[in-house]
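S.K.: So the sequence lines, in the order shown, correspond to chains R and Z.
Quick note on numbering: the working numbering labels position 22 of the first sequence as 22, and the sequence is numbered without any gaps.
To get the working numbering, take the position in the second sequence, counting from 1, and add 1000.
Calculated directly from the structure, the hints in this document are not laboratory data.
Hints are not guaranteed to be accurate.
Unchecked claim - Computed Cβ-Cβ distance ranges for the label pairs, DEER-style:
id: 1; chain 1: R; residue 1: V15; chain 2: Z; residue 2: M1429; range: 22 to 28 Å
id: 2; chain 1: Z; residue 1: V1391; chain 2: R; residue 2: G18; range: 40 to 46 Å
id: 3; chain 1: R; residue 1: E14; chain 2: Z; residue 2: D1067; range: 45 to 51 Å
id: 4; chain 1: R; residue 1: V15; chain 2: Z; residue 2: E1072; range: 20 to 26 Å
id: 5; chain 1: R; residue 1: V15; chain 2: Z; residue 2: P1239; range: 38 to 44 Å
id: 6; chain 1: R; residue 1: G18; chain 2: Z; residue 2: A1254; range: 36 to 42 Å
id: 7; chain 1: R; residue 1: G18; chain 2: Z; residue 2: G1091; range: 19 to 25 Å
id: 8; chain 1: Z; residue 1: R1064; chain 2: R; residue 2: E14; range: 15 to 21 Å
id: 9; chain 1: Z; residue 1: V1390; chain 2: R; residue 2: G18; range: 45 to 51 Å
id: 10; chain 1: Z; residue 1: G1038; chain 2: R; residue 2: G18; range: 23 to 29 Å
As the list claims (entries may be wrong) - Stretch by stretch, here's where chain R covers chain Z in the computed footprint (C-beta under 8 Å, at least three residues):
id: 11; stretch: 1076 to 1085
id: 12; stretch: 1386 to 1393
As the list claims (entries may be wrong) - Away from chain R, derived, C-beta distances all over 10 Å, residues of chain Z:
id: 13; residue: G1091
id: 14; residue: Q1215
id: 15; residue: P1344
Here the structure is a predicted model, which means the values were calculated and not measured.
Note that the Cβ used here is the ideal one computed from N, Cα and C, for glycine as well.
Okay, here's what each chain looks like letter by letter:
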Amino acid sequence: MSEELKKNQEEEIEVIEGACDLEDEDLEDVAGGGCGPGSGCCSGKSAFE
Amino acid sequence: MSVGLSSKFNILEASMPESASVAASYKPSRYNHFVERGDTVWGVNFLSGSFLRITANQYPKVLRVLDGERGEDLEATRRHLIRQRFLVPQGFNEMNLLKTKNRITRFGNHGLTLIVAPTLRCNFGCEYCYVDLNANKMKPEARLRLARFFDHKLPEGKPAEIVWTGGDPSLAMDVVEDLSQRFLESCERKNSSYLASLITNGYLLHDQMRERLRQSQVKNIQISIDGSKEFHDKSRYLPKGEPTYDRIMDNVEATCDEFRIFLRVNVDVKNRAAIPDLLDDLERRGLKERLYVYFAHVDDVNVNSSGYHEFCLTAPEYAKVETALVRDAVTRGFKIGGRQYTKPASTFCGANSTNYFVVDSKANLLKCYLDFGQADTEGIGHIGDDGHEVVTNQYNLMKWLGWDPFEITECRDCKVLPMCMGGCSHNIMTNGMQVEAGCLKLRFSMDEIVSLYGETKTGNLQRTSGCSGCAAVAGV
């Protein structure tokens, strides 16, 4: 495949958020929290910041 | 924190060289979702968290690749979809990855989370809430037991997270301060990080309380508002009916630049149409960029709120309203908290994990804060004098720890499972295993939330129907 064609195809798919690396995934939820009264809210997990 | 999943479960492209991975056999992920909006198609994979903007021109090629078609003109697209995990190896069972993450988080010894009520007393008299106007603060001997429990349960070098709640903890700040110092000493000795949040109605959030919060190293504060001033003052009032909105907002203004404030806006049938009035007021006060707003579904989740059923939106109704509100708030420039769209998660709630406890003011142990006031029937036990848990109701403990979203057909079949992980198990169990009641609302508003997220991330927000007068808010 020509480099130009490859480039065009890549550009037509823009990665807004890349796939999480498994070791980066959010096991930081301490003991599996992220809910309770805070609901993931008082600890601020929204994507819409 | 990492538990080394990558090295133990190297199941994706990391496990094979690029040339081999492209030649290998792949299948579409079960967690792909696409939303077509004019010239743009948003593509999301709820398991990997990848989020794509695809041109309408390219989208048919994406579908062909996902359908298994091969060809020189499709190879770059295919590589892209493999990298972002829209295509996964044939032998990869995605559900097994979810189960593994879920169980490691729930039953591993990764840290300690405590939800603590230093008192079950509250200074408000809201009609829908459990309050015990005569409840006592946590006594010194119960504090001592709790401090020992914390020290005993906190693993060396692992993080501790505390959420102070009640009742209202503002009525027992001496207890918060006392216990915080003890917790911090344990963390220092064990080389553990410490994160503390506090949930309050905000009425007593004055200078003296702020100083105690500083001393207690509380970073996040959640304050609940029942909509606009008009509606808030009708439902969240002092015991004799006096209004509370203005004083709370004054306190928020004085506090939000030092602490991270999360304004929880409760939404129900009565107040939904006036939520934009609240946003207007927050803007007038110059607060929209100084705190986080999140919207919350008022639900009759326990015996204390069962009389409120007629004013509660159903989960799908609420999802529609919330989405309109989030769009309105984001468009105005508010910072949004909450879980409308999240990273992939390993659990929904700590209640189903071993190192997560809810502690009431008598040092009773529960698994869910919605059971405050019902420790005798819904609790799992109490903290003994030596700081060890004394489990007196193993059935209740097993109910929470045995909970498994992968046994629920609706959850197994749901695309949103990697972000929801089964939803609120208390809500589902209380509602006779009606899954809908506990679902992440994303399930019901997937297209709109995905689109809104894409617009936000690319700086291309569309106001669309807006919220003031929006049909979704005014009447579902």
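S.K.: Each of the hints needs a verdict: does it hold here or not?
M.R.: Hint check results:
Separated by about 39 Å at the C-beta atoms, V15/R and M1429/Z break the suggested range of 22 to 28 Å. In this structure the supplied range 40 to 46 Å holds for V1391/Z paired with G18/R, their Cβ-Cβ distance being about 44 Å. For the pair E14/R and D1067/Z, the supplied restraint of 45 to 51 Å is violated, since their beta-carbon distance comes to about 22 Å. Restraint check, V15/R to E1072/Z: a C-beta distance of roughly 22 Å satisfies the suggested window 20 to 26 Å.
Take V15/R and P1239/Z: their Cβ atoms lie about 55 Å apart, and the range 38 to 44 Å is violated. Checking the proposed 36 to 42 Å range against G18/R and A1254/Z shows it holds: the Cβ atoms sit about 40 Å from each other. Between G18/R and G1091/Z the beta carbons are some 23 Å apart, a value that agrees with the proposed interval 19 to 25 Å. About 19 Å separates the C-beta atoms of R1064/Z and E14/R, a value consistent with the hinted range of 15 to 21 Å.
Roughly 47 Å separates the CB atoms of V1390/Z and G18/R, a value that falls within the hinted 45 to 51 Å. With their beta carbons about 24 Å apart, G1038/Z and G18/R fall inside the hinted range of 23 to 29 Å. Coverage of the stretch 1076 to 1085 of chain Z by chain R holds in this model, with 6 residues showing a Cβ closer than 8 Å to a Cβ of that chain against a need of three. Coverage of a stretch by a chain is defined here by at least three residues with a beta carbon nearer than 8 Å to that chain's beta carbons; for the stretch 1386 to 1393 of chain Z and chain R the count is 0, and the condition is violated.
The claim that G1091/Z lies off the interface holds: its Cβ sits roughly 16 Å from the closest Cβ of chain R, which is beyond the 10 Å cut-off. Every CB of chain R is more than 10 Å from the CB of Q1215/Z (nearest about 19 Å), matching its label as outside the interface. The claim that P1344/Z is not at the interface with chain R is violated, since a C-beta of that chain comes within 10 Å of its own (minimum 6 Å).
The structure does not agree with the numbered hints 1, 3, 5, 12, 15 stated previously, though it agrees with the rest.
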